[in-house]
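Following the hints, complete the assembly by docking chain B onto the known chain A.
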Amino acid sequence: MGNTILKTENIIKKYGSTTVLNNVSITLENGRIYGLIGVNGAGKTTLMRQILGLSVPDSGEIELFGKRGRQAAAERSRMGCLIEAPGLVLNLTAKQNLHLHRIMHGIADKEIEDKLLETVGLANIGKKKAKDFSLGMKQRLGIAIALLTNPELVILDEPINGLDPIGVVEIRELIKTLCEERGMTILISSHNLPELYQCATDYIIIDHGEVKQEISLEELEEKCRHYLLIETDDTGKLTAVLEEKLGTANFKVMPDKSVQLYDFTEERDRVADVLFENSIRIRGFALKGETLENYFISVVRGTQASV
Amino acid sequence: MFNLIRADFYKINRSMIYKVLFAITAVSAVITTVVSHRVYAGEMDFAAASATAMLTDVVILSLVSCVIAGQLICGDFENKLMQSSLTGTSSRLTVVCAKIISFTALIGIMSLPYALCAVIGAATGAGFSVPFSASTYLKMLSDATKNDVTGGVLVKFAAIGLIMMLVYAAQTGIVFLLGFLMKNKPLVVTIIGFILSTIVGMSSSLLDDSLDKVLGFTPYSADIYALGSDTGYGTIGKIAVICVAWIVAFAGISYAAFRKAEVK
Numbered sequence: 001m002g003n004t005i006l007k008t009e010n011i012i013k014k015y016g017s018t019t020v021l022n023n024v025s026i027t028l029e030n031g032r033i034y035g036l037i038g039v040n041g042a043g044k045t046t047l048m049r050q051i052l053g054l055s056v057p058d059s060g061e062i063e064l065f066g067k068r069g070r071q072a073a074a075e076r077s078r079m080g081c082l083i084e085a086p087g088l089v090l091n092l093t094a095k096q097n098l099h100l101h102r103i104m105h106g107i108a109d110k111e112i113e114d115k116l117l118e119t120v121g122l123a124n125i126g127k128k129k130a131k132d133f134s135l136g137m138k139q140r141l142g143i144a145i146a147l148l149t150n151p152e153l154v155i156l157d158e159p160i161n162g163l164d165p166i167g168v169v170e171i172r173e174l175i176k177t178l179c180e181e182r183g184m185t186i187l188i189s190s191h192n193l194p195e196l197y198q199c200a201t202d203y204i205i206i207d208h209g210e211v212k213q214e215i216s217l218e219e220l221e222e223k224c225r226h227y228l229l230i231e232t233d234d235t236g237k238l239t240a241v242l243e244e245k246l247g248t249a250n251f252k253v254m255p256d257k258s259v260q261l262y263d264f265t266e267e268r269d270r271v272a273d274v275l276f277e278n279s280i281r282i283r284g285f286a287l288k289g290e291t292l293e294n295y296f297i298s299v300v301r302g303t304q305a306s307v
Numbered sequence: 001m002f003n004l005i006r007a008d009f010y011k012i013n014r015s016m017i018y019k020v021l022f023a024i025t026a027v028s029a030v031i032t033t034v035v036s037h038r039v040y041a042g043e044m045d046f047a048a049a050s051a052t053a054m055l056t057d058v059v060i061l062s063l064v065s066c067v068i069a070g071q072l073i074c075g076d077f078e079n080k081l082m083q084s085s086l087t088g089t090s091s092r093l094t095v096v097c098a099k100i101i102s103f104t105a106l107i108g109i110m111s112l113p114y115a116l117c118a119v120i121g122a123a124t125g126a127g128f129s130v131p132f133s134a135s136t137y138l139k140m141l142s143d144a145t146k147n148d149v150t151g152g153v154l155v156k157f158a159a160i161g162l163i164m165m166l167v168y169a170a171q172t173g174i175v176f177l178l179g180f181l182m183k184n185k186p187l188v189v190t191i192i193g194f195i196l197s198t199i200v201g202m203s204s205s206l207l208d209d210s211l212d213k214v215l216g217f218t219p220y221s222a223d224i225y226a227l228g229s230d231t232g233y234g235t236i237g238k239i240a241v242i243c244v245a246w247i248v249a250f251a252g253i254s255y256a257a258f259r260k261a262e263v264k
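Residue numbers (the numbering used here), protein chains in the order written: chain A, 1 to 307; chain B, 1 to 264.
Isolated chain A, as found in the complex (with noise of 0.2 Å):
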């Protein structure tokens, strides 16, 4: 378990009559990656924004790195983020937006501007302005005006909306070197699951403004496992089978005496067959398991159990 360096607890934020964020407590420990999944509106962003401070919850505590209220604010130094859309003069290049974001954090280090950019991939753009980027150029340069401070805690809010494959793989790959090789604990929203599974390593679901579940990826691994079911009513003989003839030990026993296979998802007729020549009588025989989307789809639902 690592240090705590970012707690909510309970927060509640309205907007009229409408409830954005309810009860959101959610906890954060250094040096992992939490990936904050929910459908357009379900209140990503507002979370965000209230950790940063752009906006104050009506009730509910944030602590910060240990610190709570007006300490915890000062805390924020210690923060890097992308929300939405990059902070920018379109008429100033890469280099120059970079650093005004540095005059404006009192940052000394003026070598970090050109690491940064070769960091993102915009090393070699030229004097080419920021009205002119593309999206994703934008969103590389955003999460380089994030990094500019070395913050511990990184907040990205769907970084890479607008990137092409190539760009989505590198930066998914810089998110993962980030944490792996600076510890920084990195925050990052998305509304697609998949994605967000090629690098995160916990998984906060919302869902209209309600936490509706926080779990590992170890977790989510063995929810979205495929196996196949076997049932039948020589359970001791099919283990046997599955090991002497199969040469397979991944598989579990279920209470109910059904037995889950964790190899051959995709030799299904071969575990056939070996199970026909044994003369293992077979009352049930199915490929199972939830694909990321229908897991999430489940969790959002509620017609999954919580861990």
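Keep in mind that the hints were calculated from the coordinates and are not lab data. Each hint should be verified, as a subset may be incorrect.
EDC-like mimics (lysine to aspartate or glutamate), calculated; alpha carbons at most 20 Å apart, straight line [what the hints assert, rightly or not]:
| id | chain 1 | residue 1 | chain 2 | residue 2 |
| --- | --- | --- | --- | --- |
| 1 | A | Lys176 | A | Asp164 |
| 2 | B | Lys185 | A | Glu84 |
| 3 | B | Lys264 | A | Glu158 |
| 4 | A | Lys67 | A | Glu9 |
| 5 | A | Lys212 | A | Glu293 |
| 6 | A | Lys128 | A | Glu118 |
| 7 | B | Lys264 | A | Glu113 |
| 8 | A | Lys131 | A | Asp164 |
| 9 | A | Lys128 | A | Glu113 |
| 10 | B | Lys260 | A | Glu158 |
| 11 | A | Lys131 | B | Glu78 |
| 12 | A | Lys14 | B | Glu262 |
| 13 | A | Lys131 | A | Glu84 |
| 14 | A | Lys129 | B | Glu43 |
| 15 | B | Lys260 | A | Glu75 |
| 16 | B | Lys264 | A | Asp58 |
| 17 | B | Lys183 | A | Glu84 |
| 18 | B | Lys260 | A | Glu63 |
| 19 | B | Lys260 | A | Glu118 |
| 20 | A | Lys212 | A | Glu9 |
Per the computed footprint, the stretches of chain B lying under chain A, defined by three or more beta-carbons under 8 Å from a beta-carbon of chain A, are [said to hold, decoys possible]:
| id | region |
| --- | --- |
| 21 | 75-87 |
| 22 | 185-194 |
| 23 | 252-264 |
Cβ pair distances, simulated, as ranges [what the hints assert, rightly or not]:
| id | chain 1 | residue 1 | chain 2 | residue 2 | range |
| --- | --- | --- | --- | --- | --- |
| 24 | A | Ser25 | B | Lys238 | 52 to 58 Å |
| 25 | A | Lys128 | B | Lys238 | 52 to 58 Å |
| 26 | A | Gly16 | B | Ile191 | 27 to 33 Å |
| 27 | A | Arg182 | B | Met54 | 54 to 60 Å |
| 28 | A | Asp58 | B | Ile191 | 42 to 48 Å |
In this text the structure is predicted, and so the values were computed from the model without any measurement. All C-beta atoms in this analysis are idealised placements derived from N, C-alpha and C, irrespective of residue type, glycine included.
Okay, now just chain B, sitting in the frame of chain A:
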């Protein structure tokens, strides 16, 4: 706060709009000075001169201040730099304070052409009249024509020049507040701000004597437009205190409006 002010001026140095605004004030200052001289010399009558009345410091700096407020404050909301300021080390109070300092300094820079024209005009020894009412810089030129320009008078003119910077910043304090209220609508802030400050300015000249005393405690005081070589330092000091208090009050109201506002 110093970092935010530096960042503001980094942006301003690279922005075309501020250069255009400075060019407008420079051209307007030169035209009004030349017109003032030509009227004094009898080369132009008052009727012809009145066509350029819209180029006096009162009108131009009022307009320029509204555009500056729109750009400096709303521009930052529009391009999300306000977000970056707040998610860094800066508190909302720091942001408001930095903005009011940048705003006042910019108005000072924009009023420089009028001050320079006044200094150069006085130094040439040429004669100037005041064809337009309520132009402090032309009043100074006219004073220089009527009186000997001594060191003491020049110091007083310099002090008046500085005070005028505060006066214009104070008079457009309401636009500063509008910027924080309307956030990412620079054009609306500029237009509404200009209309409001013009209405307030015009109404102040139409009010009766009893309200004059009240206006004496605002940056719309009649004393301001009578500033000249004959003005005592006590009056100059009083105007300075009123303007600073006015600026601080609007900064305070702006902070109150911005303290818990959504920043998108």
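Going down the list of hints, with the structure as the test:
Annotation: proposed proximity of Lys176(A) to Asp164(A) holds, straight-line Cα distance about 18 Å (limit 20 Å). For a cut-off of 20 Å, the pair hint linking Lys185(B) to Glu84(A) stands: about 19 Å separates their Cα positions. The suggested pairing of Lys264(B) with Glu158(A) holds, with an alpha-carbon distance near 15 Å, which does not exceed 20 Å. For the hint pairing Lys67(A) with Glu9(A), the CA-to-CA distance comes to about 13 Å; that is within 20 Å, so the pair holds.
Proposed proximity of Lys212(A) and Glu293(A) is supported: the alpha carbons are some 15 Å apart, at most 20 Å. Among the hinted pairs, Lys128(A) with Glu118(A) is consistent with the structure: their alpha-carbon atoms are about 16 Å apart, no more than 20 Å. In summary, the hint linking Lys264(B) to Glu113(A) is not supported, as the alpha carbons are separated by about 26 Å, beyond the 20 Å threshold. The suggested pairing of Lys131(A) with Asp164(A) holds, with an alpha-carbon distance near 19 Å, which does not exceed 20 Å.
For the suggested pair Lys128(A) and Glu113(A), the alpha carbons sit about 16 Å apart, so the restraint of at most 20 Å is met. Between Lys260(B) and Glu158(A), the direct Cα distance comes to roughly 25 Å. Violation of the 20 Å bound is thereby established for this hinted pair. Simply put, Lys131(A) and Glu78(B) have alpha-carbon atoms about 14 Å apart, close enough for the 20 Å limit, and the pair holds. The suggested pairing of Lys14(A) with Glu262(B) holds, with an alpha-carbon distance near 12 Å, which does not exceed 20 Å.
The suggested pairing of Lys131(A) with Glu84(A) holds, with an alpha-carbon distance near 17 Å, which does not exceed 20 Å. Proposed proximity of Lys129(A) and Glu43(B) is contradicted: the alpha carbons are some 50 Å apart, above 20 Å. Between Lys260(B) and Glu75(A) the CA atoms are separated by roughly 18 Å; this keeps the pair inside 20 Å, and the hint holds. The straight-line distance between the Cα atoms of Lys264(B) and Asp58(A) is roughly 17 Å, inside the 20 Å bound, and the hint therefore holds.
Simply put, Lys183(B) and Glu84(A) have alpha-carbon atoms about 17 Å apart, close enough for the 20 Å limit, and the pair holds. Between Lys260(B) and Glu63(A) the CA atoms are separated by roughly 18 Å; this keeps the pair inside 20 Å, and the hint holds. Restraint check for Lys260(B) and Glu118(A): not satisfied, since their Cα atoms lie roughly 37 Å apart, outside the 20 Å limit. Note on Lys212(A) and Glu9(A): the hinted pairing holds, with a Cα-Cα distance of about 15 Å set against a maximum of 20 Å.
With 9 residues having a Cβ less than 8 Å from any Cβ of chain A, the region 75-87 of chain B passes the three-residue criterion, so the hint holds. Here's how the region 185-194 of chain B fares: 0 of its residues keep a CB closer than 8 Å to some CB of chain A, so the rule of at least three is not met and the hint is violated. Interface restraint, the region 252-264 of chain B with chain A: holds (4 residues with C-beta to C-beta distance below 8 Å; minimum three). Distance hint for Ser25(A) and Lys238(B): a CB-CB separation of about 56 Å, consistent with the stated range 52 to 58 Å.
For the pair Lys128(A) and Lys238(B), the beta carbons lie near 53 Å from each other, so the given range of 52 to 58 Å is met. Gly16(A) and Ile191(B) have their C-beta atoms about 28 Å apart, which keeps the hinted 27 to 33 Å range intact. Between Arg182(A) and Met54(B) the Cβ separation comes to about 59 Å, which falls inside the hinted range of 54 to 60 Å. At roughly 34 Å, the beta-carbon separation of Asp58(A) and Ile191(B) lies outside the given 42 to 48 Å, and the hint is violated.
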